[in-house]
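Protein chains: 2
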Amino acid sequence: MQRIKAFTFGRQLLKSRCGSASPHHAVSHSLAQFSSQGPKSFGLLFDIDGVLVRGRTLIPAAKQCFRNLVDHDGNYKVPVVFVTNAGNCMRQTKAEHLSHLLQVEVCPEQVMLSHSPLRMFTQFHKMRVLVSGQGPVEEVAQNLGFQDVVTIDMLRDACPLLDVVDHNRRPKEPSPPSKALRPIDAIILFGEPIRWETNLQLIVDILLTNGNPDTAWNSIQYPHIPVLACNMDLLWMAEAKNPRFGHGMFLVCLESLYKKITGYELKYQALIGKPSVVTYNYAELLIKQQAERLGWATPVKRLYAIGDNPMADIYGANLYNRYLQASRRADTKMQAASGGGGAGPLGETIDEMTSTELGGVSGVPRPEGELPERCSSILVCTGVYSRDQQELPSDPTLTVTEQRIFHGHRDFRFDPALTQPSFMVQDVKEAVELVFQQEACPLE
Amino acid sequence: MQRIKAFTFGRQLLKSRCGSASPHHAVSHSLAQFSSQGPKSFGLLFDIDGVLVRGRTLIPAAKQCFRNLVDHDGNYKVPVVFVTNAGNCMRQTKAEHLSHLLQVEVCPEQVMLSHSPLRMFTQFHKMRVLVSGQGPVEEVAQNLGFQDVVTIDMLRDACPLLDVVDHNRRPKEPSPPSKALRPIDAIILFGEPIRWETNLQLIVDILLTNGNPDTAWNSIQYPHIPVLACNMDLLWMAEAKNPRFGHGMFLVCLESLYKKITGYELKYQALIGKPSVVTYNYAELLIKQQAERLGWATPVKRLYAIGDNPMADIYGANLYNRYLQASRRADTKMQAASGGGGAGPLGETIDEMTSTELGGVSGVPRPEGELPERCSSILVCTGVYSRDQQELPSDPTLTVTEQRIFHGHRDFRFDPALTQPSFMVQDVKEAVELVFQQEACPLE
Numbered sequence: 001m002q003r004i005k006a007f008t009f010g011r012q013l014l015k016s017r018c019g020s021a022s023p024h025h026a027v028s029h030s031l032a033q034f035s036s037q038g039p040k041s042f043g044l045l046f047d048i049d050g051v052l053v054r055g056r057t058l059i060p061a062a063k064q065c066f067r068n069l070v071d072h073d074g075n076y077k078v079p080v081v082f083v084t085n086a087g088n089c090m091r092q093t094k095a096e097h098l099s100h101l102l103q104v105e106v107c108p109e110q111v112m113l114s115h116s117p118l119r120m121f122t123q124f125h126k127m128r129v130l131v132s133g134q135g136p137v138e139e140v141a142q143n144l145g146f147q148d149v150v151t152i153d154m155l156r157d158a159c160p161l162l163d164v165v166d167h168n169r170r171p172k173e174p175s176p177p178s179k180a181l182r183p184i185d186a187i188i189l190f191g192e193p194i195r196w197e198t199n200l201q202l203i204v205d206i207l208l209t210n211g212n213p214d215t216a217w218n219s220i221q222y223p224h225i226p227v228l229a230c231n232m233d234l235l236w237m238a239e240a241k242n243p244r245f246g247h248g249m250f251l252v253c254l255e256s257l258y259k260k261i262t263g264y265e266l267k268y269q270a271l272i273g274k275p276s277v278v279t280y281n282y283a284e285l286l287i288k289q290q291a292e293r294l295g296w297a298t299p300v301k302r303l304y305a306i307g308d309n310p311m312a313d314i315y316g317a318n319l320y321n322r323y324l325q326a327s328r329r330a331d332t333k334m335q336a337a338s339g340g341g342g343a344g345p346l347g348e349t350i351d352e353m354t355s356t357e358l359g360g361v362s363g364v365p366r367p368e369g370e371l372p373e374r375c376s377s378i379l380v381c382t383g384v385y386s387r388d389q390q391e392l393p394s395d396p397t398l399t400v401t402e403q404r405i406f407h408g409h410r411d412f413r414f415d416p417a418l419t420q421p422s423f424m425v426q427d428v429k430e431a432v433e434l435v436f437q438q439e440a441c442p443l444e
Numbered sequence: 001m002q003r004i005k006a007f008t009f010g011r012q013l014l015k016s017r018c019g020s021a022s023p024h025h026a027v028s029h030s031l032a033q034f035s036s037q038g039p040k041s042f043g044l045l046f047d048i049d050g051v052l053v054r055g056r057t058l059i060p061a062a063k064q065c066f067r068n069l070v071d072h073d074g075n076y077k078v079p080v081v082f083v084t085n086a087g088n089c090m091r092q093t094k095a096e097h098l099s100h101l102l103q104v105e106v107c108p109e110q111v112m113l114s115h116s117p118l119r120m121f122t123q124f125h126k127m128r129v130l131v132s133g134q135g136p137v138e139e140v141a142q143n144l145g146f147q148d149v150v151t152i153d154m155l156r157d158a159c160p161l162l163d164v165v166d167h168n169r170r171p172k173e174p175s176p177p178s179k180a181l182r183p184i185d186a187i188i189l190f191g192e193p194i195r196w197e198t199n200l201q202l203i204v205d206i207l208l209t210n211g212n213p214d215t216a217w218n219s220i221q222y223p224h225i226p227v228l229a230c231n232m233d234l235l236w237m238a239e240a241k242n243p244r245f246g247h248g249m250f251l252v253c254l255e256s257l258y259k260k261i262t263g264y265e266l267k268y269q270a271l272i273g274k275p276s277v278v279t280y281n282y283a284e285l286l287i288k289q290q291a292e293r294l295g296w297a298t299p300v301k302r303l304y305a306i307g308d309n310p311m312a313d314i315y316g317a318n319l320y321n322r323y324l325q326a327s328r329r330a331d332t333k334m335q336a337a338s339g340g341g342g343a344g345p346l347g348e349t350i351d352e353m354t355s356t357e358l359g360g361v362s363g364v365p366r367p368e369g370e371l372p373e374r375c376s377s378i379l380v381c382t383g384v385y386s387r388d389q390q391e392l393p394s395d396p397t398l399t400v401t402e403q404r405i406f407h408g409h410r411d412f413r414f415d416p417a418l419t420q421p422s423f424m425v426q427d428v429k430e431a432v433e434l435v436f437q438q439e440a441c442p443l444e
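Going down the list, the sequences are from chains U and L.
Letter 274 of the first sequence, counting from 1, is numbered 274 in my numbering, and no numbers are missing.
Letter 49 of the second sequence, counting from 1, is numbered 49 in my numbering, and no numbers are missing.
To be clear, the hints were calculated from the coordinates, so they are not data collected in a lab.
Wrong hints could be hidden among the right ones.
Said to hold, decoys possible - Computed list of lysine to aspartate or glutamate pairs in EDC-like fashion (alpha-carbon distance at most 16 Å, straight line):
| hint | chain 1 | residue 1 | chain 2 | residue 2 |
| --- | --- | --- | --- | --- |
| 1 | L | K301 | L | E439 |
| 2 | U | K241 | L | D214 |
| 3 | L | K172 | U | E239 |
| 4 | L | K241 | U | D214 |
| 5 | U | K259 | L | E255 |
| 6 | L | K126 | L | D148 |
| 7 | L | K259 | U | E255 |
| 8 | L | K301 | L | E370 |
| 9 | U | K172 | L | E239 |
| 10 | L | K429 | L | E444 |
Stated by the list, open to error - For each label pair, taking beta carbons as the anchor points, the in silico distance ranges come out as:
| hint | chain 1 | residue 1 | chain 2 | residue 2 | range |
| --- | --- | --- | --- | --- | --- |
| 11 | U | P60 | L | R119 | 51 to 57 Å |
| 12 | L | R169 | U | E96 | 21 to 27 Å |
| 13 | U | T93 | L | E139 | 39 to 45 Å |
| 14 | L | P223 | U | R328 | 46 to 52 Å |
| 15 | L | Q147 | U | H100 | 45 to 51 Å |
| 16 | L | E139 | U | M90 | 40 to 46 Å |
| 17 | U | R413 | L | D331 | 54 to 60 Å |
| 18 | L | P183 | U | R413 | 36 to 42 Å |
| 19 | L | D157 | U | F406 | 30 to 36 Å |
| 20 | L | Y222 | U | R302 | 40 to 46 Å |
| 21 | L | Q221 | U | T93 | 39 to 45 Å |
To be verified - Here are a few chain L residues that face chain U, going by a calculated C-beta distance under 8 Å:
| hint | residue |
| --- | --- |
| 22 | Q134 |
| 23 | G135 |
| 24 | V164 |
| 25 | W196 |
| 26 | D205 |
| 27 | W217 |
| 28 | L234 |
| 29 | S256 |
| 30 | T262 |
We put the beta carbon where it would ideally sit given N, CA and C, even for glycine.
Model the full structure from these sequences, guided by the hints.
Here it is, written out as C-alpha cells:
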C-alpha cells in the first residue's frame, strides 16, 4: 500500500512535469531536492520487449526493479529513457501503458520509439510520403512533422487494380474508377504492416514507377525514390516460446522481392531505430533533458543500455560506444591540430562506419556539449536471448564466428565483437543493481 | 445465333463425355465421326492468364479463336488442354468459368491446375500435411488424395500465441488455451495465401520445430520436413498495367526468411506447375486421353504450348522439349545397346537436368507408349510479355545474358536459350492459326 501511495504522489508531481509544453525548465530546480543524491553522472536506457514485458505480460523482475529506481516521492533517481524499436503506436500511448504496468510514472518525453528521430529529418517533411505500418500511421507521421501523407489504404483506394492477391478483395467490376494521385516522393516504413502482400505489392509498384503507379514499369529509375525504414528488428519475444517476426522480416521480404524483379539492391536513405547510431544520439538527447529536469549540474558521463536482443540492443549500444570513442579521439586530435600538432585524419573510425550504421543521409546532428565517455551494454536473459537456450543451435565443428547466424540487417557489418555485451545478467533487476554497484551508488 | 446453337448442342454432347466417371472409353468411338478430319497428330496446350483472359476480362482474340477450334457440333478438332499455374481453386470451377467465357464447352478433364500432378505423389497422401493457399485448400488437398490435412487457420487456432504480427488479431488473454496437435509431416504450398505474415510465420515455425510448433527452435533439424510447392510464377498479368505478384513472390519471401533465420537454404521435395517437366508429363497424359476421346488412331506426335510468360510457359515448353529429345536419344541408344552396339551412358541430358526441373523426388512416371516427337513454344504478347514494352528495361551496355533478369525460380538454371520461343505472335488467335498452318491442316 505504501508503494502505491508513493506512486500516486509521484504521479501527481510528474504530471505537472509531463503536462507542460516546455516543462523541464520550469520545474527542474524545484525537483532537484527530491532527486539529486550526490554527484551521479550516469543514465539508463531500457529496451521494453523481452526486458520489461513479454507480449502483454510484465516480467516480474521489472516491477521490483522500478520500485527501487524511484524515490519515496516517485521521482527517478537517475535519468531513465525507454528505447524501443516498436513504432506502430504513439509515444503517449506507450508511456501510459508503461506507467500502468510498472506502477511508476513514465512520461512521453522518456519514451523513444523507433521512428522518433524522424522528427529531425526535416528535409523529407514537405515531401509527399507513402507510409507503411499498422495502427495510427497517418497520425504518427503527422506528429513527426510530415505534411503530405498517403497511407497504403489510400493508395489502394486510388488505384483499385493494383492489389489483387486476395481474391475476395479484388474489385468487383473489371474497370473500377481510379483516382488521380500526385506522385509519391518518398516511402516511410514505420513498422510491420498487416497483409504483407498488399504492402509489398504497392511499395514495389511505387518503387518501379518512380512514384507514379499509373505508369508502366519499363521506365524504372535507379536509384529509386528515397526509402526510410524504422525498426529493423528481425525477431522479438512475445508470450510464445520462440521469437516472433518483427519489422526486419518484412524488410527482408521487400529487399528480396525488389532484387528478384529488378536485379538491383533496395537502398535505404535512412535506417533508424536500434542498432543505428542516430537512435542513440537521440536517446542521449532525451537523457540530457531528463538530467536537466532532475537538476543535475554535472553532465551525464556514462550510459548503460539494457536489452535482450544481441543484434539490436547490444550491437547498437556497442556501435554507439565505438562512435563515442572515435568522436572523442577526433576531438582530441582536432585540439592537438589547432595547437599546432601534426594530427592524422579526423574521426577515422567514424569514417569507417557505413552511412547506414550512422543512421542515413541526414542523421541527427551531434548533440551540443560534451559527449558521454562511454556506453555499456547489458544483456538480460528474459527475451530473445537466453543462457540455456541459445537463439539458434551452434554447430561445434564451426568456429565462433561461423557459428553465429547474422540476425542483423543486411546493411550492417557482421562484427561479432559488437554482439558481445559488456555485462550479462539474468534479468532487468540484476542489471540495474549491477549498474548502481558499478557506480558505487546506493540503490535502495 | 448459329454459333450459340452449335455451342448448346456441343455442350450437351460434351456433358455426356465429361459427366461419366470413366467417360472416354464409353464414348470415344461414337464421337470419332464428329472430330476426326484426317491424320492429325498434334495437340494444343493453352495457358489461361495473359493468353485467354486478363483478370476477369476475356481477351477478344480468344473468343474468335475458340470458335474456330470446335466444329459445328461444338467438338474440338484437336486435343486441347488448359495448363494453368493457378491453383487456389478446383478444376471443376475453372472449367465452368472457361466454358462461360469462351462459349465452348470445357470439361474438367481438359483443365490442369498447378497442383494436379500431386495426385501422383502418393507417398505423401497418408502424411499429416499443412496446406497453405487461399480458397478451398482443404477440399483441393482431399480431392488430390491427401487424407490428413491441417490448414493454416486450424494451426492458428490450435496455437494462438504464434501469430502476433496483426495487433488486432492477437489473443485477448495472455495465456490462451492451446490444443494438442499431432506433428506435421510435410508442408504443401498450393498458391499465394492471404495475410502472408501469418503463413510465413507459421510455416517457418513448423520448419524450425520439425513439425511440432510447441517445441523450442533450438533443436532445428536440417534438412527440414518435406516442402512441396505448386506454382512458382513470379508475376502474372491481370487488368492492371503492370504484372501482379504471383505465388513465386511468396516463395521468394519464404526462402529469404528461412535463410535469414537459419543460414540454410529452404529445400523443396517437389516444385510443380510450369516450368517443371512433371507438369508437362501430366499435360501429355491429358492430351492423350483427349485424343482417345476423339477416336484418334495415331498417337499425338507434336505439342504446341501457347503462353505469355517467358519464364513459365516458354521455359517450361522448351525444357520439356529438351526432355523429349533426350528421352528419345536414350531410347535409341538403349535399342542400339540391346542390339550389341557400344552405347554411351543412357539419357545423359536428362541426368543433367536438376531434380527440381524434373519436378521433384517422385515425379510422374513417364507415360506409357510413344513419346511425342517435340513440343514447340509459342509466345503471345497479350500478357506478361509485350513486344513494345519489354518485361523490364534492358541496359545496352550489358551482354544479352547479363541483360535479362532471371524471373524463374531459384532452383531452375538460368539458361537464356530456354526462354526463346519457337514462335512469337501477337495473340492466341494468331497462335492457333500458325499451328494449323504448320500442320498444313485447314482451321475453318
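Outcome of the hint check:
1. K301(L) / E439(L): Satisfied, since the Cα-Cα distance of roughly 11 Å is no more than 16 Å.
2. K241(U) / D214(L): Distance ~7 Å between K241(U) and D214(L) Cα, so the pair holds.
3. K172(L) / E239(U): Within the cut-off at roughly 12 Å; holds.
4. K241(L) / D214(U): Distance of about 7 Å is within 16 Å: holds.
5. K259(U) / E255(L): 14 Å, holds
6. K126(L) / D148(L): 7 Å, holds
7. K259(L) / E255(U): 14 Å, holds
8. K301(L) / E370(L): 9 Å, holds
9. K172(U) / E239(L): Judged against 16 Å, a Cα distance of about 12 Å means the pair holds.
10. K429(L) / E444(L): Judged against 16 Å, a Cα distance of about 12 Å means the pair holds.
11. P60(U) / R119(L): 51 to 57 Å: Roughly 55 Å apart at Cβ, these two residues keep to the hinted range, so it holds.
12. R169(L) / E96(U): 21 to 27 Å: With Cβ atoms ~23 Å apart, the hint holds.
13. T93(U) / E139(L): 39 to 45 Å: Given a distance of about 43 Å, which is inside 39 to 45 Å, the answer is holds.
14. P223(L) / R328(U): 46 to 52 Å: 50 Å, holds
15. Q147(L) / H100(U): 45 to 51 Å: 50 Å, holds
16. E139(L) / M90(U): 40 to 46 Å: 44 Å, holds
17. R413(U) / D331(L): 54 to 60 Å: Since R413(U) and D331(L) have Cβ atoms about 56 Å apart, the given range 54 to 60 Å holds.
18. P183(L) / R413(U): 36 to 42 Å: With a Cβ separation near 39 Å, P183(L) and R413(U) satisfy 36 to 42 Å, so the hint holds.
19. D157(L) / F406(U): 30 to 36 Å: 34 Å, holds
20. Y222(L) / R302(U): 40 to 46 Å: 43 Å, holds
21. Q221(L) / T93(U): 39 to 45 Å: 41 Å, holds
22. Q134: 6 Å, holds
23. G135: 7 Å, holds
24. V164: At 5 Å from the nearest chain U Cβ, V164(L) passes the 8 Å test, so the hint holds.
25. W196: Given a least distance of 4 Å, the restraint on W196(L) holds.
26. D205: Where the cut-off is 8 Å and the nearest Cβ of chain U is about 7 Å from D205(L), the hint holds.
27. W217: 5 Å, holds
28. L234: 7 Å, holds
29. S256: Result: holds, 4 Å to nearest chain U Cβ.
30. T262: 7 Å, holds
The structure is consistent with each of the numbered hints, conforming to all of them.
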